[in-house]
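K.L.:
This is what each chain is made of:
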Amino acid sequence: MNLTLKVWRQKNKNDQGRFETLQAKNISSEMSFLEMFDVVNEGLINEGKEPIAFDHDCREGICGMCSMHINGRAHGPWDGTTTCQLHMRAFKDGDTITVEPWRAGAFPVIKDLTVDRSAFDRIIEAGGYISVNTGNAQDANCIPVDKTKADLAFAAAACIGCGACVAACKNSSAMLFVSAKVSQLALLPQGHPEKQSRALNMVAQMDKEGFGSCTNTGACEAECPKEISLTNIARLNREFIGAGLSSEK
Amino acid sequence: MKWSQFFNTSIGKKLLVGATGLFLCSFVIVHLAGNFQLLYNDEGKAFNVYAAFMGHNSLIQFIAWGLKIVIVLHAFIALQLTFRNRAARPVKYAVNPGNQTSSWFSRQMAIMGSILLIFIIIHLTNFWAKFHYGEMPLHTYPGQEEPLKDLYLVSQETFKQGWLVVLYVIGMIGLSFHLIHGFKSACQTFGLNHKKYNGLLSFIGVWLFGIAIPVGFAIIPVVIYFK
Chain A
1 MNLTLKVWRQ KNKNDQGRFE TLQAKNISSE MSFLEMFDVV NEGLINEGKE
51 PIAFDHDCRE GICGMCSMHI NGRAHGPWDG TTTCQLHMRA FKDGDTITVE
101 PWRAGAFPVI KDLTVDRSAF DRIIEAGGYI SVNTGNAQDA NCIPVDKTKA
151 DLAFAAAACI GCGACVAACK NSSAMLFVSA KVSQLALLPQ GHPEKQSRAL
201 NMVAQMDKEG FGSCTNTGAC EAECPKEISL TNIARLNREF IGAGLSSEK
Chain B
1 MKWSQFFNTS IGKKLLVGAT GLFLCSFVIV HLAGNFQLLY NDEGKAFNVY
51 AAFMGHNSLI QFIAWGLKIV IVLHAFIALQ LTFRNRAARP VKYAVNPGNQ
101 TSSWFSRQMA IMGSILLIFI IIHLTNFWAK FHYGEMPLHT YPGQEEPLKD
151 LYLVSQETFK QGWLVVLYVI GMIGLSFHLI HGFKSACQTF GLNHKKYNGL
201 LSFIGVWLFG IAIPVGFAII PVVIYFK
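Those protein sequence lines, which keep their order, are chains A and B. 1 is the number of the first residue of the first sequence in the working numbering; add one for each residue after it. 1 is the number of the first residue of the second sequence in the working numbering; add one for each residue after it.
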């Protein structure tokens with residue numbers, strides 16, 4: 001198939017940036033979206049032009065690097081997939097596809113479609129961990145975990161930190177990401193000792209990074225490649241209220 | 001975390017918006033119940049007695065002033081969050097997903113809330129300000145010694161003006177669209193999201209606050225206009 005691409009090009013974070021129209025020719029419907037970009041980039045390199053910069057790592061939907069806003073949707077038109085899992089059969093021959101980077105003040109564009117998501121790392125540093133004392137590991141069976149809660153924690157832990165929630169939210173809110181990280185640990189006994197400081201510190205860092213607030217539109221859940229549920233945001237709210245009411249600090 | 005810090009976070013501010021919003025939801029139920037007395041065929045006696053009670057009872061007056069503060073607080077914090085949310089995306093997308101990922105109602109809260117705020121100011125000018133500080137016609141009903149301020153007559157005259165009826169209906173469309181998302185959103189902010197009761201919350205949000213109450217309010221000026 002032959003396609004017209006309208007791709008965001010931006011030399012660096014200080015550049016204004018603009019859309020560039022490119023032709024993607026002889027694209028197989030079995031290619032992934034990133035493989036299509038590889039073909040286009042090969043063509044650009046052969047012509048002596050600058051290839052399109054885009055993030056990618058695992059190309060199997062677990063690294064969360066391939067941040068592309070495709071025709072108005074984070075990671076393109078398919079639900080529950082990253083860009084590398086999106087295949088060209090999602091499009092028709094002759095289509096025009098608009099590709100933009102994630103748009104959020106907290107995710108500055110580094111180059112073309114590559115954005116800096118280190119704001120997420122700083123939120124994790126603020127509390128998205130458990131402190132483990134030195135010494136021998138405890139026997140795992142000594143810590144009883146309810147199966148239902150273990151499943152919920154596992155579902156929350158599926159978050160790959162790709163930033164699609166921020167990209168999809170009209171407020172650029174990071175609540176789904178923060179809620180997944182808080183939930184994953186709050187649901188398990190290992191996460192209990194620090195649950196209050198975790199909720200308070202991660203939310204404070206989220207605000208500091210300049211993300212917007214959640215207005216419960218549900219766009220994040222709809223666009224999340226790992227289908228993280230909005231119930232996690234409700235859990236984060238409960239954790240935050242509980243911590244605010246009873247935290248010693 | 002101190003209270004001042006807690007309520008300065010994005011979730012803290014949302015909790016204030018949600019709490020004031022739920023208080024206002026409870027108010028519209030009481031307000032509508034009172035307004036239905038305008039449709040009684042008793043020359044407005046029940047409504048005017050009710051208005052006199054509401055206008056003079058100290059506890060009600062205390063709550064009424066609290067209500068105005070709550071409305072200002074709700075609008076102020078919500079607008080503050082809205083401006084902050086807009087600033088969080090300095091460069092907009094060239095292509096937007098529209099209704100594909102979120103409901104239209106959920107994206108129009110600030111606009112519908114602003115329409116509602118303008119409506120509330122007009123509404124207070126039409127009735128509340130006139131009742132407390134303006135010239136009011138008086139009516140003495142048989143069996144009563146003191147004349148009552150005839151708010152019933154003022155409402156009948158007000159809603160004989162077609163443009164005002166249209167304005168009130170638009171205001172109630174704003175209320176409807178605001179509460180279809182607002183009620184359930186406030187519940188979610190307070191952490192109420194569970195498959196056991198989500199259906200009930202959606203039903204209350206859409207059918208009671210989003211449809212029944214705004215329609216109930218809108219019917220009154222329309223009935224008076226065509227009476």
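Hints listed in this document are in silico derivations from the structure and should not be mistaken for laboratory results. Where a beta carbon is used, it is the ideal one built from N, C-alpha and C, also for glycine. Any given hint might turn out to be false.
Calculated pairs, PhoX-like style, for lysine-lysine (alpha carbon to alpha carbon, straight line, at most 20 Å) [stated by the list, open to error]:
#, chain 1, residue 1, chain 2, residue 2
1, B, LYS195, A, LYS149
2, A, LYS111, B, LYS92
3, B, LYS45, B, LYS227
4, B, LYS92, A, LYS6
Quick look at which bits of chain A chain B covers, simulated, 3 or more residues with Cβ under 8 Å [claimed, not checked]:
#, stretch
5, 31-41
6, 54-66
7, 95-103
8, 124-135
9, 239-248
Negatives, chain B to chain A, calculated, CB over 12 Å [what the hints assert, rightly or not]:
#, residue
10, TRP3
11, LEU15
12, PRO142
13, LYS149
14, GLN161
15, LEU192
16, VAL215
K.L.:
Tell me, in ascending order, the numbers of any earlier hints that this structure violates.
P.N.:
5, 6, 8, 10, 11, 15
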